[in-house]
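The listed protein sequences derive, respectively, from chains B and E. In terms of this note's numbering, the first sequence is numbered consecutively and its last residue is 618. In terms of this note's numbering, the second sequence is numbered consecutively and its last residue is 188.
In short, the hints are calculated from the structure, not lab data. Ideal placement from N, C-alpha and C gives every residue a C-beta, glycine not left out. Hints are supplied without guarantee of correctness; some may be wrong.
Stated by the list, open to error - Here are the simulated SDA-like cross-link-like pairs (lysine to any residue), alpha carbons at most 20 Å apart as the crow flies: (1) E:K38 <-> B:V294; (2) E:K38 <-> B:I299; (3) E:K38 <-> B:E282.
Stated by the list, open to error - Chain E is nowhere near these chain B residues, computed Cβ spacing over 10 Å in every case: (4) G91; (5) T101; (6) M152; (7) Q435; (8) W484; (9) A523; (10) L541; (11) K555; (12) R600; (13) E607; (14) G616.
Spelled out, the chains give:
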Amino acid sequence: MADTTILEKDLHGAHAHGEHGHDDHDHHGDRYQSAFIDNYMFSMDHKTIAKQFLITGMFWAIIGAAMSIIFRLQLGFPGADMSWLQPLLGGWINIDPATGTGTLSQEFYYALVTMHGTIIVFFVLTAGLSGTFSNLLIPLQIGARDMASPLMNMLSYWFFFLSGLVMFISLFLNTGPFSGGWTAYPPLSELPQASDGSKAGATMWIMSLVLFVVSVLLGGINYITTVLNMRTKGMSMFRLPLTIWAFLVTAIIGLLSFPVLASGFFMVMLDRTLGTSFFLNEIYIADTALTERVGGSAILYQHLFWFLGHPEVYIIILPAMGIVSEVLATHARKPIFGYKAMVFSILAIAFLSFIVWAHHMFMTGMNPFISNIFVIFTLIIAVPSAVKVFNWIATVWGGAVRFNSAMLFSLGFVSMFISGGLTGIFLGNAAIDIQQHDTYFVVAHFHIVMGVAAFFGMYAGVYHWFPRMYGRFMNEFLGKLHFWGTMIGAYCVFGPMHYLGMAGVPRRYYSFETFNAFSEFDAMNQFITIAAIITFFFQILFVVNFFYSIYKGKKQTEMNPWEATTLEWTAPIHAGHGNWEGAIPHVHRWPYDLSRYEDREFIPQTEPLKEGEKDGGH
Amino acid sequence: MATSTVKKIHPKKFALWIGLTSIVMFFAAFTSAYIVRKSQGDWADFALPAEFFYSTAAILGSSILLHASYKAFASEKLALFKTFLVSGFVLGLAFVVLQYQGWLSLNEVEIFIHTNQHSSFIFMITGFHVAHVLGGIAALLFAMVYAFLPRYQATTPRRLLRLEIIFTYWHFVDVLWIYLFIFFMVQQ
Ligand code: HEM
Ligand SMILES: [Cu+2]
Numbered sequence: 001m002a003d004t005t006i007l008e009k010d011l012h013g014a015h016a017h018g019e020h021g022h023d024d025h026d027h028h029g030d031r032y033q034s035a036f037i038d039n040y041m042f043s044m045d046h047k048t049i050a051k052q053f054l055i056t057g058m059f060w061a062i063i064g065a066a067m068s069i070i071f072r073l074q075l076g077f078p079g080a081d082m083s084w085l086q087p088l089l090g091g092w093i094n095i096d097p098a099t100g101t102g103t104l105s106q107e108f109y110y111a112l113v114t115m116h117g118t119i120i121v122f123f124v125l126t127a128g129l130s131g132t133f134s135n136l137l138i139p140l141q142i143g144a145r146d147m148a149s150p151l152m153n154m155l156s157y158w159f160f161f162l163s164g165l166v167m168f169i170s171l172f173l174n175t176g177p178f179s180g181g182w183t184a185y186p187p188l189s190e191l192p193q194a195s196d197g198s199k200a201g202a203t204m205w206i207m208s209l210v211l212f213v214v215s216v217l218l219g220g221i222n223y224i225t226t227v228l229n230m231r232t233k234g235m236s237m238f239r240l241p242l243t244i245w246a247f248l249v250t251a252i253i254g255l256l257s258f259p260v261l262a263s264g265f266f267m268v269m270l271d272r273t274l275g276t277s278f279f280l281n282e283i284y285i286a287d288t289a290l291t292e293r294v295g296g297s298a299i300l301y302q303h304l305f306w307f308l309g310h311p312e313v314y315i316i317i318l319p320a321m322g323i324v325s326e327v328l329a330t331h332a333r334k335p336i337f338g339y340k341a342m343v344f345s346i347l348a349i350a351f352l353s354f355i356v357w358a359h360h361m362f363m364t365g366m367n368p369f370i371s372n373i374f375v376i377f378t379l380i381i382a383v384p385s386a387v388k389v390f391n392w393i394a395t396v397w398g399g400a401v402r403f404n405s406a407m408l409f410s411l412g413f414v415s416m417f418i419s420g421g422l423t424g425i426f427l428g429n430a431a432i433d434i435q436q437h438d439t440y441f442v443v444a445h446f447h448i449v450m451g452v453a454a455f456f457g458m459y460a461g462v463y464h465w466f467p468r469m470y471g472r473f474m475n476e477f478l479g480k481l482h483f484w485g486t487m488i489g490a491y492c493v494f495g496p497m498h499y500l501g502m503a504g505v506p507r508r509y510y511s512f513e514t515f516n517a518f519s520e521f522d523a524m525n526q527f528i529t530i531a532a533i534i535t536f537f538f539q540i541l542f543v544v545n546f547f548y549s550i551y552k553g554k555k556q557t558e559m560n561p562w563e564a565t566t567l568e569w570t571a572p573i574h575a576g577h578g579n580w581e582g583a584i585p586h587v588h589r590w591p592y593d594l595s596r597y598e599d600r601e602f603i604p605q606t607e608p609l610k611e612g613e614k615d616g617g618h
Numbered sequence: 001m002a003t004s005t006v007k008k009i010h011p012k013k014f015a016l017w018i019g020l021t022s023i024v025m026f027f028a029a030f031t032s033a034y035i036v037r038k039s040q041g042d043w044a045d046f047a048l049p050a051e052f053f054y055s056t057a058a059i060l061g062s063s064i065l066l067h068a069s070y071k072a073f074a075s076e077k078l079a080l081f082k083t084f085l086v087s088g089f090v091l092g093l094a095f096v097v098l099q100y101q102g103w104l105s106l107n108e109v110e111i112f113i114h115t116n117q118h119s120s121f122i123f124m125i126t127g128f129h130v131a132h133v134l135g136g137i138a139a140l141l142f143a144m145v146y147a148f149l150p151r152y153q154a155t156t157p158r159r160l161l162r163l164e165i166i167f168t169y170w171h172f173v174d175v176l177w178i179y180l181f182i183f184f185m186v187q188q
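Given the sequences, and given the hints that come with them, work out the whole structure.
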């Protein structure tokens with residue numbers, strides 16, 4: 001079987017036969033040399049799969065962001081003529097026959113908000129971020145020829161692709177895509193008569209996400225198995241770069257929480273198809289009581305959803321944290337500050353992320369004593385988060401910082417994570433959340449701490465590892481322009497939302513025209529929309545830079561252009577399937593020997609410790 | 001040697017265990033939802049069908065037989081291996097049939113999946129479990145094809161590993177059922 005070939009070659013090459021019986025038909029050691037050409041599409045090379053995840057993620061990012069621009073237009077300029085969008089949106093723009101003005105259909109507004117959230121959270125920041133970098137970096141940084149099961153890895157991508165395909169098709173449904181919010185609360189996700197989006201759109205949304213869960217599970221099983229079993233000689237757990245720690249823990253969280261989400265979806269499907277009422281009770285729809293659908297509890301769905309939902313936000317942010325740790329250390333030319341503290345705070349965050357989910361449900365009529373417990377756990381998360389922030393700052397402090405695009409985005413990440421984390425502490429207090437829940441304050445909080453921060457982590461990773469992927473560099477000037485545009489733009493978009501939220505402006509409203517109370521925010525909403533449009537164009541700049549650089553970027557000439565210590569830079573520039581031409585390098589030290597020695601600026605992990613030298617990090 | 005690439009547990013077996021963990025999380029979610037919903041009251045009680053007791057015996061028996069078949073294969077007693085394998089498979093099929101009969105006898109007393117919250121949970125959880133058992137049946141079929149094809153008649157480490165992985169999964173769905181069965185009994 002192809003998926004053992006790589007592992008076996010490694011074992012035969014580097015070591016004697018292991019004791020765990022391999023067998024007869026596993027001696028096609030050179031086959032993967034040519035796999036690059038035959039199998040570009042259904043490739044099993046983790047590096048190719050990483051690129052597939054990245055580019056698919058970019059495709060979805062553009063769609064998701066464009067959707068947000070459309071609904072921001074509605075929020076910033078309600079009543080403005082949108083007939084120019086009709087060629088794109090067709091029937092979703094209602095044209096008033098008398099005046100000829102086009103308005104965005106209200107139903108479609110909700111569909112846009114829902115799709116935006118779903119696409120960005122799952123397709124871009126889960127698959128596009130963790131899928132890309134786990135695939136690219138796990139084998140390369142731990143010293144393995146590929147994943148434990150390249151076949152499952154490939155399937156993981158194709159399930160993601162299929163999931164995206166289903167979602168994409170749902171955009172073109174007659175009744176429109178699902179419109180009940182990215183959290184898919186019942187009854188909107190269950191009763192077709194509740195809204196247009198609750199018809200076929202909801203069915204396809206659920207199908208798509210079930211496929212997505214399969215993809216995450218297949219990927220996660222692989223990442224965990226690979227990290228725990230296939231590290232090269234000498235790569236002990238405490239010699240792993242923080243990226244790998246982050247990917248490992250991310251995969252573990254995903255494996256424990258996504259099935260719970262899927263079980264919730266499964267119950268929704270039964271409610272939709274077999275007439276059960278797990279989440280329905282005495283519902284009135286359009287003045288008719290659904291008398292036969294009783295006994296269920298919609299709150300139960302929220303518990304199942306947020307048991308994934310909260311860990312999910314860490315599934316998104318942990319890989320970004322890992323990437324940022326790596327990039328900050330490498331470009332500040334300093335060892336990461338408090339390596340073990342970083343590892344333990346990743347573990348602490350992961351553990352705590354499972355016992356705070358009800359902070360999304362303070363307003364569901366939960367017993368206040370139970371709220372209190374969740375408040376306490378929620379606020380405790382701030383501790384490991386603060387440890388990480390402190391360590392990042394201490395890492396950069398006094399370093400010989402190279403202010404390149406990757407570094408700038410990593411610094412931007414730290415800034416965003418602080419700003420967004422602080423507002424989390426407000427929301428985490430049940431008493432304050434009574435006021436803030438379902439307002440723009442929450443929108444500001446999670447976009448800054450998760451949306452923007454995770455995007456920054458992803459950008460840092462792309463700029464940093466672009467040479468590793470394509471053997472070329474991205475354009476630095478465009479990269480810096482991209483950074484400053486995004487950094488300033490993002491704060492302009494989400495900063496004012498805090499004020500909107502504190503003033504009580506609710507999220508997910510189509511328009512505030514009917515409430516005089518909010519008319520004073522019209523100018524602010526316009527400002528936000530304009531800032532969002534400008535920021536969007538800075539992201540297009542990134543896309544252009546990305547594709548331009550694949551073909552025309554400055555060629556990578558040295559194997560280790562950033563003078564990094566980690567293993568991925570010891571493989572040849574255009575490494576084939578299997579990564580290293582000769583034997584896999586062995587590891588002798590931790591990954592952060594930067595500026596620690598008088599005579600050497602940095603020492604790669606492959607260099608043996610000197611006589612009597614103590615390994616860093618321990 | 002702790003850090004060498006030569007592993008103590010085969011990566012595929014390890015991957016299987018991780019995959020099983022995620023299945024455990026599915027059922028943990030279902031059974032916790034059951035507890036939460038039941039604690040909210042308005043819960044119609046009914047007895048589990050007798051077939052579920054027989055099916056429990058069937059799947060336990062199949063696990064024991066398959067374990068014996070593994071032992072026989074490991075010690076290269078191929079005839080014994082095949083006998084145990086086939087009889088374990090038959091008991092496995094019997095489990096699925098008995099579960100189905102159990103559903104039918106619930107239907108006979110007018111209990112359907114949408115009758116009440118309790119019945120929804122019972123049908124859903126047992127149904128989801130049977131789906132996993134069917135996966136196990138497919139894996140056993142695969143094992144039997146290998147067992148009877150003339151090409152694969154000798155015991156090799158790779159075949160032993162393959163068998164171990166399939167049987168581990170089978171024992172897992174067995175233990176999972178025992179857990180669910182005890183869970184339902186305790187909740188009565
Ligand atoms: C100091 C740490 C944090 C605390 C105390 C915190 C607290 C909260 C609370 C209480 C809410 C619910 C607000 C409401 O709906 O009324 C919330 C919403 C949210 N948080 Fe955080 N948070 C923290 C960090 C994060 C991080 C790191 C992320 C992601 C990377 C994140 C992502 C989100 C998201 C996505 C939502 C909104 C989900 C929705 O309703 O659509 N938070 N946060
Ligand atoms: Cu949360």
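Taking the hints in turn, this is what the structure says about them:
For the hint linking K38 of chain E to V294 of chain B, the alpha-carbon distance of about 14 Å falls within 20 Å, and the restraint holds. Taking the CA atoms of K38 of chain E and I299 of chain B, the gap is about 14 Å. The hint holds against a cut of 20 Å. Between K38 of chain E and E282 of chain B, the direct Cα distance comes to roughly 18 Å. Compliance with the 20 Å bound is thereby established for this hinted pair. Even its closest Cβ contact with chain E, about 36 Å, leaves G91 of chain B beyond 10 Å, as expected for a residue assigned away from the interface.
Its beta-carbon lying about 47 Å from the closest one in chain E, T101 of chain B satisfies the requirement of being farther than 10 Å from that chain. Non-interface call for M152 of chain B relative to chain E: violated, since the shortest CB-CB distance, roughly 8 Å, does not exceed 10 Å. Remark: the non-interface label on Q435 of chain B is consistent with the geometry, its nearest Cβ contact in chain E lying 28 Å away (cut-off 10 Å). Listed as outside the interface, W484 of chain B is consistent with that label: its C-beta sits roughly 42 Å from the nearest C-beta of chain E, beyond the 10 Å cut-off.
Remark: the non-interface label on A523 of chain B is consistent with the geometry, its nearest Cβ contact in chain E lying 47 Å away (cut-off 10 Å). No Cβ of chain E comes within 10 Å of the Cβ of L541 of chain B; the nearest lies about 40 Å off, and the non-interface call holds. No Cβ of chain E comes within 10 Å of the Cβ of K555 of chain B; the nearest lies about 33 Å off, and the non-interface call holds. Under the 10 Å C-beta cut-off, the non-interface status given to R600 of chain B relative to chain E holds; the minimum distance is some 24 Å.
Even its closest Cβ contact with chain E, about 16 Å, leaves E607 of chain B beyond 10 Å, as expected for a residue assigned away from the interface. Non-interface call for G616 of chain B relative to chain E: holds, since the shortest CB-CB distance, roughly 16 Å, exceeds 10 Å.
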